[in-house]
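Q: Since the structure of chain A is provided, determine the placement of chain B on it from the hints.
There are 2 protein chains.
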Amino acid sequence: MNIALLGFGTVGKGFYDLTVGREDVKVTAVLSRRPREELTCLVSDDFHEILASDVDIVVEVMGGLHPAYEYVCEALRAGKHVVTANKWLMCEYYQELVKLAKENGVALRCTAAAGGGIPWLTNLERVARFDSIYKVEGILNGTTNFMLDAMTKNGSDYGEILAEAQRLGFAEADPTADVEGYDARRKIVLSANIAFGVDLKEADVACFGIATVSAADIAAFTERGLVCRLIASAEQAADGSITATVEPTLFPAAAAEAAIVSSGNRVVLYAKHIGEQSFSGAGAGGWPTGSSVLCDCLNILDGCRQFYTDQFTPASAAGNALRRYYIRTSAPLSVAVEESLGSGIVTAPIPAAQAHRMIAALRAEDNTAFMAALR
Amino acid sequence: MNIALLGFGTVGKGFYDLTVGREDVKVTAVLSRRPREELTCLVSDDFHEILASDVDIVVEVMGGLHPAYEYVCEALRAGKHVVTANKWLMCEYYQELVKLAKENGVALRCTAAAGGGIPWLTNLERVARFDSIYKVEGILNGTTNFMLDAMTKNGSDYGEILAEAQRLGFAEADPTADVEGYDARRKIVLSANIAFGVDLKEADVACFGIATVSAADIAAFTERGLVCRLIASAEQAADGSITATVEPTLFPAAAAEAAIVSSGNRVVLYAKHIGEQSFSGAGAGGWPTGSSVLCDCLNILDGCRQFYTDQFTPASAAGNALRRYYIRTSAPLSVAVEESLGSGIVTAPIPAAQAHRMIAALRAEDNTAFMAALR
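Residue numbers (numbering that gives the first Met the number 0), protein chains in the order written: chain A, 0 to 374; chain B, 0 to 374.
The set of hints was computed from the structure by calculation and includes no laboratory data. Some hints here could point you the wrong way.
All copies of an identical chain are treated as equivalent in the list; a pair is satisfied when it fits inside any one copy or across any two copies.
Claimed, not checked - Calculated cross-link-like contacts (lysine to aspartate or glutamate; reagent style EDC-like; alpha-carbon spacing at most 20 Å):
{"id": "1", "residue 1": "101", "residue 2": "301"}
{"id": "2", "residue 1": "271", "residue 2": "16"}
{"id": "3", "residue 1": "152", "residue 2": "163"}
If we strip away everything but chain A, and leave its shape as in the complex, we get (with noise of 0.2 Å):
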């Protein structure tokens, strides 16, 4: 099959790289804003050019809601299959996309956007067919995994660690997205809707990042044997409410989730018969990430036509999950106390919803102000 791919980042070199010498799936043409010398095929920074050009996949790697929202529009209205790895794109425009790939009888795929090179949503779609999933959740941030789990082991501070995630590229020049938790945000909605066949948004996921975490709660953490890791979930209750947060979130030192170390990822799925599953690995990478792209690919070459999910049932997202949160501020603080730990104190169980509330208005108050909750 002949791919246009639109852009070439380092997800776009990478999945150019796993092509070269295949005869399935061959890249033909390129947008790029800049000559490419490099390469053989059609390279233009004309996408109708492009999509003009002989060819019977379009594959999305530039990210950004605009134009890609406006490229990938076109080409499913030119009959071509569509693969992207762009997660705000799939996040925002899911629903209406995937009709649109219906009414012309092509693949829409998106395997790339959550969990990089980890198969995590065609297995999330593979297990939506036999059983009922309730729960999914894991480390969807390389970044942030990076930077928690270096200041566990150096005791460095916040800003210490995220120059030196900038001097390594695992964190960009404005790394709100990662350090905030949007970018988990966006991967945690794409996967609660394959889960659960609903229709969350963005605004639905409660978000607290690691942007004030210190050094001193790491202390405190690793001297009670926690370990905190940055956690995107979503739970469906058994009457349908579902609770979906992005939070930094403390374990036991045995735990999985600490084994995750540097960028990785880990994403984990609780199902009625099969239980808990999970899945590690590189959640990010031009090649893992380029490697999800081409399992996508070779998919829609083997016939796969069928979308993640296709139900969107309306769900309410209210938060109603009960969880300790240890909270450190200055602010004052009214909520029933459990424990101290460090120079923070552990909550008795609250809902979350009412938590990430509570964090919100404090942090207004006091700009230094962390919460992590407890597992």
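A: Same frame as chain A, now just chain B:
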């Protein structure tokens, strides 16, 4: 599709439960020695009556080599797709059965044969399509993991914990296949053959189980911050030669392997481009294992006719990989020693094949001798 189910034990019943209420996959015939009044479909103890009924897929979950082998051959020759959970059968006759399936234009799948409910073989197959896998390994036997985990947590004796595992249904009356590592060996043979496209046999895998592990060994490991797990492993060196082993292995307490508790399984693949990728979940049990069988059926329904691999390159299982080993024996030992550990010693790095020859010889003199590799 109509399914003939050969065997109605734990896995057969689990699979059956998962098909109840489905329209796409329906059990229409069950081979059973005794009547099954709870079933409304055809139940017979006559395989030929079952095969002559209107079935599309024969699901073999009876276990053992014979008559499973004869039934599977006959089903393939009759143009039926075959799905099996039988690791012994597939380990012994994989190449021959794949050939027979091809000749008859039907599918042959066995995802449940390694890893139970974990989609391990399908993911190996997936990765092998675009990457070069050089190592597969993991915890592939739930019984021994349950025992090692319990010994670590409770300080129990081997005999005590074996009796408990038998009482709880985790171990069979004759536990040999589990505790000597033969079960894990069959699973690693299948995994290695799919991962590397080779033709290993059981005899190519050096195998040492946990039958001689003592409470004192475990206590010494714990004292040193180490956790013991039974690891089945196959790695291919740059020269193509393979080291394939089943052996107790010591990990730091913070390792992911140490976080696999009770009867859980965890398997890992290492590939050139995607790096390390791991999968964990329930390695046994009716519903999890039945779900892998069901997935194979659904894949066949979707048109999947490919085999996990159809490359069978001969490879030398030289066992050259160098590892350090803990050895505890009262027999005289002649090996370069690095340090002592509990009542045993830790060797300098030696080829795995040499360690396994040594422990076999030692065990003939001292039937309590124990060995574990260090990671």
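Q: When the structure is checked against the list of hints, which entries are broken? Sort them ascending.
A: The structure conflicts with no hint, since it agrees with every one listed earlier.
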